[in-house]
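Residue numbers (our numbering), protein chains in the order written: chain A, 3 to 266; chain B, 3 to 266.
Note that these hints are calculated values from the structure, not bench results.
Don't take each hint at face value.
Once the Cα atoms are required to be at most 16 Å apart in a straight line, the calculated EDC-like pairs of lysine to aspartate or glutamate come out as [claimed, not checked]:
1. B/K54 <-> A/D198
2. B/K59 <-> B/E30
3. B/K251 <-> A/E159
4. A/K251 <-> B/E159
5. A/K54 <-> B/D194
6. B/K147 <-> B/E24
7. B/K155 <-> A/D254
8. B/K4 <-> B/E87
9. B/K54 <-> A/E219
10. B/K147 <-> B/D90
11. A/K177 <-> B/D254
12. A/K144 <-> A/D37
13. A/K4 <-> A/E87
14. B/K212 <-> B/E190
15. B/K54 <-> A/D254
16. A/K54 <-> B/E159
17. A/K58 <-> A/D37
There are 2 protein chains.
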Amino acid sequence: MKILVTNDDGIAARGIHALISELKHIAEIYVASPDRERSATGHSITVFEPIKAVKKKIADVSGAWVIGGTPVDCVKLAISRLAPEDIDLVISGINHGPNLGTDVLYSGTVSAAAEGVIMGKPSIAVSLDSYEEEMDFAYAAKFVKRMVLTLMKTGIESQTLLNVNIPPLPEDQIKGIRITRLGTRNYENLFDERQDPRGNSYYWMGGGIKDEEQDPESDVAALEDSFISITPINLDLTDYHLIQQYKVKFKDYIYTPGDSHDIP
Amino acid sequence: MKILVTNDDGIAARGIHALISELKHIAEIYVASPDRERSATGHSITVFEPIKAVKKKIADVSGAWVIGGTPVDCVKLAISRLAPEDIDLVISGINHGPNLGTDVLYSGTVSAAAEGVIMGKPSIAVSLDSYEEEMDFAYAAKFVKRMVLTLMKTGIESQTLLNVNIPPLPEDQIKGIRITRLGTRNYENLFDERQDPRGNSYYWMGGGIKDEEQDPESDVAALEDSFISITPINLDLTDYHLIQQYKVKFKDYIYTPGDSHDIP
């Protein structure tokens with residue numbers, strides 16, 4: 003089995019090395035990671051500048067590249083040019099901090115895994131729900147290894163993207179696994195305004211998460227309840243329910259060739 | 003009616019000014035646009051640097067800001083701090099180039115509109131299916147105005163995101179409107195490898211779109227058939243179908259408090 007490992011915290015982050023040190027026991031590992039932290043880059047790609055890829059030696063890893071680009075660049079470049087064609091699985095993480103609810107849209111970690119699926123590989127994004135500097139990734143990495151062993155038995159289809167969030171707790175305090183839906187994450191006091199020495203305003207993005215009632219089936223609730231959350235993610239963003247509704251809303255204005263209806 | 007206009011091609015792009023010049027006849031306009039082109043930035047946000055916002059005068063516009071950030075930053079900052087609280091609608095565009103199928107994930111234009119929905123406002127992303135430099139945005143802008151007038155009559159809910167793509171054709175050659183689903187966009191020869199003067203490899207992202215059979219209900223097919231495509235987009239990325247499947251796959255490993263099951 004061949005696994006491509008990536009992340010958005012950069013090649014120096016502890017999370018990716020914790021992951022590698024567990025996965026190398028069960029698979030041939032390839033690594034493509036950004037040269038520096040690229041959190042909150044979402045699904046951005048580098049199209050107006052060239053992307054550098056520098057080969058790096060990592061113990062027990064079959065091939066590793068440090069990429070001067072976004073997490074999505076890393077996966078695109080590794081799967082199409084750098085790594086072997088027959089990569090079986092992409093794993094992105096372990097992110098230092100959670101990726102829950104609508105926040106997955108901003109997440110470089112989840113976007114890198116999403117790109118794995120776009121490139122035809124089943125993919126898993128893994129995040130540890132803690133920003134604490136000294137946080138230990140060992141248990142989270144061990145869990146990912148066990149999860150991959152389970153999926154090797156039960157199967158994982160190529161179009162599958164799983165978003166995994168792990169509570170920052172000792173193993174014996176984790177209550178189990180829940181297969182969840184994405185919850186809600188709304189922020190308050192999003193921007194902090196400052197003035198530069200010339201009196202011009204600038205803003206820092208920040209803010210706190212609004213305390214909201216969560217669906218008990220959600221990823222947010224699972225973490226609050228000390229469960230590991232696994233959310234299957236769908237990359238077809240079409241809202242099929244609304245298609246019918248908008249066909250009705252625009253029905254007076256939909257014209258077909260030969261039809262006498264005019265554009266609105 | 004108050005409309006926030008944004009884009010990812012930057013404040014100097016012709017597409018946003020074409021849009022403003024039509025919409026100002028039907029609504030009070032506010033503008034928050036990046037200071038330069040920010041295409042392919044996806045849903046990235048600026049969290050490690052401060053964001054500058056400079057007020058700008060635009061004729062017949064009630065408030066305009068040029069933002070030193072991504073398209074999503076523009077919408078977050080405008081809705082939470084710069085524009086009036088009672089913005090009714092966010093319109094992002096008109097993008098110079100299409101935003102179809104899975105490519106919507108990379109699109110700054112669509113991501114800006116998605117952020118409008120996250121901030122509680124119904125939002126529309128608009129793209130003109132042409133990269134031609136001298137392309138005329140006038141008809142596309144006129145269509146958006148008519149579309150907004152239609153929605154003012156038929157209603158648009160706050161959680162609604164519509165992705166609109168317009169063929170680069172004279173008005174009398176456009177065959178109508180189709181309410182569509184997202185199609186597929188796969189690329190071939192994604193990277194072009196070069197060598198720097200010291201012999202190190204670097205890569206340009208590029209490549210061509212693979213010619214694939216398209217679902218006739220898709221946005222890609224609509225454009226190929228000279229129709230305007232309107233795709234409703236859903237930002238709950240949960241794959242509800244897979245939840246059940248993964249509950250089964252992991253059932254031997256799901257333990258609840260007091261349960262004797264062990265973690266895998």
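Evaluated hints:
no., hint, verdict
1, B/K54 <-> A/D198, "10 Å, holds"
2, B/K59 <-> B/E30, "14 Å, holds"
3, B/K251 <-> A/E159, "12 Å, holds"
4, A/K251 <-> B/E159, "12 Å, holds"
5, A/K54 <-> B/D194, "12 Å, holds"
6, B/K147 <-> B/E24, "6 Å, holds"
7, B/K155 <-> A/D254, "12 Å, holds"
8, B/K4 <-> B/E87, "10 Å, holds"
9, B/K54 <-> A/E219, "39 Å, violated"
10, B/K147 <-> B/D90, "14 Å, holds"
11, A/K177 <-> B/D254, "14 Å, holds"
12, A/K144 <-> A/D37, "25 Å, violated"
13, A/K4 <-> A/E87, "10 Å, holds"
14, B/K212 <-> B/E190, "6 Å, holds"
15, B/K54 <-> A/D254, "44 Å, violated"
16, A/K54 <-> B/E159, "44 Å, violated"
17, A/K58 <-> A/D37, "11 Å, holds"
When each numbered hint is compared with the structure, violations occur for hints 9, 12, 15 and 16.
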